[in-house]
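Student: As a plain string of letters, each chain reads:
Number of protein chains: 2
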Amino acid sequence: MSEPELLPEAETEVEYALDRDLVSSLYDALAAQDAPRVAELLEPLHPADIADLFEQIGPAKRQDVLALWQSEDLGEVLSELDEGLREDVIAALEPEVLAEAVRDLESDDVVDLVEDLDAEQQDAILDALEAPDRVAVEQSLQYPETSAGRLMQRELVMAPEHWTVGQTIDHIRADDDLPDQFYHVILVDPRLRPTGYVTLGRLLGSPRQTALADITEDSFRTIPVMQDEAEVAYAFNQYHLISAPVVDEEDRLVGVITIDDAMVVLDEEYNEDILRLAGVGDESVSDTTWEITKQRFPWLGVNLLTAILASLVISLFDDVIAQVVALAILMPIVASMGGNAGTQSLTVAVRAIATKDLTGSNAWRILRREVLASLLNGFVFAIIMGAISFLWFDTPVLALIIAAAMVINLAVAGLAGLLVPLGLEKLGIDPALASGTFVTTVTDVVGFFAFLGLAAWILL
Amino acid sequence: MSEPELLPEAETEVEYALDRDLVSSLYDALAAQDAPRVAELLEPLHPADIADLFEQIGPAKRQDVLALWQSEDLGEVLSELDEGLREDVIAALEPEVLAEAVRDLESDDVVDLVEDLDAEQQDAILDALEAPDRVAVEQSLQYPETSAGRLMQRELVMAPEHWTVGQTIDHIRADDDLPDQFYHVILVDPRLRPTGYVTLGRLLGSPRQTALADITEDSFRTIPVMQDEAEVAYAFNQYHLISAPVVDEEDRLVGVITIDDAMVVLDEEYNEDILRLAGVGDESVSDTTWEITKQRFPWLGVNLLTAILASLVISLFDDVIAQVVALAILMPIVASMGGNAGTQSLTVAVRAIATKDLTGSNAWRILRREVLASLLNGFVFAIIMGAISFLWFDTPVLALIIAAAMVINLAVAGLAGLLVPLGLEKLGIDPALASGTFVTTVTDVVGFFAFLGLAAWILL
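Protein chains in written order, with the numbering used here: chain A, -3 to 456; chain B, -3 to 456.
Hints may contain errors.
Which copy is meant is left open, because identical chains are indistinguishable; a pair holds if it fits in one copy or across any two.
Keeping only pairs whose Cα atoms sit at most 35 Å apart, straight-line, the calculated DSBU-like set for lysine-lysine is [unchecked claim]:
1) Lys422 with Lys57
2) Lys352 with Lys57
3) Lys352 with Lys290
4) Lys290 with Lys422
5) Lys290 with Lys57
Think of the hints as simulated: they come from the structure by calculation, not from any bench. Just so it is clear, the structure is predicted and the values come from calculations on it, not from any experiment.
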């Protein structure tokens, strides 16, 4: 039976998205065990697109492809795959196929590939490498995960700072072992400390006798080898770096990071933040049902605890609810508005902390702004909701109670939305991860307490 | 009175964050009207950091800085500023100061600067430019906002595809008007259609007689000039491009986009998605209280409507609540768990749509996975919450009702969390913008209806 389409045909032809016809042709070829046809279909695809395809088709189809398809692109496909899936695919490959695939990769891609594997798989891949590559990979693995040391490539082009353009070009031309990609020549002093860099464009455009020191770029910055990769991505983004030398504790050149590596990190960091803000772990479309069930369970559990806390607050006021059922009808509105206002504030705060726009210099000003804006919106919605309550239940005092509770809860939402992320950051906890739970707990508890408490005080 | 610190001192010394001592020294210098000291403090900062400083200090202090500080960096600071703030700063500058600042910028930075200004400010800046620059800017402005045409730079280096390395290097060296930054030579056919590109590293490392056609890169891709910038950023990220030629409808070369431009777009797109998911517009720390109040109002208004809808559902069951107050105490738990499970699902779906990982080929498989995972978590939390209810209220039937409502609402959350973003995408609405409201409306309504409806049916 063919399934109705969840996405329209036009949608699947969106630029850069995988062609749906290709996927069904592939399924036909797999069913027919037609290896040449599988190769013909996958051949024109970029390894990144083949990796996406692997992630989108189910596990059974993936096994079929791996059984029928041999390609020199396999190594690159592996390094493009989602981490979770990569482990499964590597485990499914014959050792010699894996060895062959990995041998064609650059050393920094191999590092990226092996760092998340278990020790046995890691050894299998390292053994497949030639000695110099293996040493390079093993050296990189000695730096902490998510450090600049892991991100950098060791292959680079440097020149003494007193050289001329001509000397440098002759040197580059004589070098048989140039990096695959390089965009700058790094100038170093006699102790191998980087002092500047020259773009290849400037090198090519300048007369041979020009001193390198006269054509260096203004934007020169070095990256400490132990710096966290998130900071590295920030620096590239903030200062528009194209590549940056990486230095050890004595400021000596040990490698180079290029903007394409930084862009991958920026992408990962953002993705992680978005998922964390929603209480989801590191999930992807290739995860199994069981994996995502486990991933989502903890945050739902935390949410259950906070929801029970809110219910305990409500239970304090069961007398007044029993007398005035309208309170039960209206109370979720106060909590919901507070939760939404809090989410708005906390999201802005989490972003501002991540972009280093929220600092000791402006935190007080931002706090005043958040509370004031929340109060302003609180007053407007208090009037609107007071009027609606009055029309609905025809009880002026109820209208006043919900209006007052609305102002209180929205002001608290603005306050908590800023203070909770700042507090978590101060404690060294990622504000993206836990702010939402804390803030909505505060707005639920305060919302119910203010509304029902005022009602109990006035009505009983 | 000095204010207590909202962020610890250590926090303000985080790498790349603005130094708090610098800010207070700047305030002292401003108070003393000490222009040389202001210049001395700002001089060592990168224009991007000065822009951050402008965003973090209040509007009054910003005026003081602008009055006291003259620098050739002003143009770059302007182009680094948040759009909202940029307009204010430009309006505050004397016309001749503005003209001077803009004249030092690259043409693509000028485009970025003027595109959001009102017509009068735009004309003032265009008039300040020299004729060839003005023409270049005006041509760029003819492409739609957020198109590749706006993003690209016109300055590029190209060569006929039959040239050798030596010819190309001689040509580059003879050119007095090379782009400030370039990393590739683009090969073109006689009709100016790009056919490949060669990195400058490869050019420098190859013998002079090598044909360019023999050393082109594998990853060659062209970008249509009308393509949306979000798609451009996706292509750079997916295919690890460093630069890409931009072509018109006849495939002729019209410009080049480099990875640093694509990284800026990627950053903006992510930021926008995060804020939209939280129901916040394009906000920044430099916005005034009034601006953020207005920005946040519409989504709070939409939320009020959905909250009232949920209250209407509750009001259908006021009889049973009046008899069993425990229902009022427990009902927010069911709604809250559904809301959170729905947010998890929709966030994963919104990300998967953005990364083109959720397509016609796998939508059904993902739907089955979402519903199954929600059901699994639903059953576990049904048992937990059923047990808690039983212990709390000692009423077995109430425990069964909340357990059943939990399973129903979590399953619906999984379903809505995927179908709502897919539906919005199908309708051409950004799923990041509106999914949250729709999904929580569904989980609130279904949560209250299932719980109270079952209770009314069984208990009355």
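Student: Look at each hint and say if it fits the structure.
Tutor: Comparing the hints with the structure gives:
When the C-alpha separation of Lys422 and Lys57 is checked against a cutoff of 35 Å, the pair qualifies only between copies, where the shortest distance is 27 Å, while the shortest distance within a copy is 47 Å. Taking identical chains as interchangeable, the C-alpha atoms of Lys352 and Lys57 lie at most 35 Å apart only when they sit on different chains, with a minimum of 20 Å there against 45 Å within one chain. In the homo-oligomer, the alpha carbons of Lys352 and Lys290 lie at most 35 Å apart both inside one protomer (33 Å) and across protomers (24 Å), since each shortest distance falls under that limit. Proximity of Lys290 to Lys422 under the C-alpha cut-off of 35 Å is found in both arrangements, the shortest distances being 29 Å within a copy and 30 Å between copies.
In the homo-oligomer, the alpha carbons of Lys290 and Lys57 lie at most 35 Å apart inside one protomer (24 Å), although the nearest pairing across protomers, at 51 Å, exceeds that limit.
Violation of the numbered hints given earlier is absent; every hint is satisfied by the structure.
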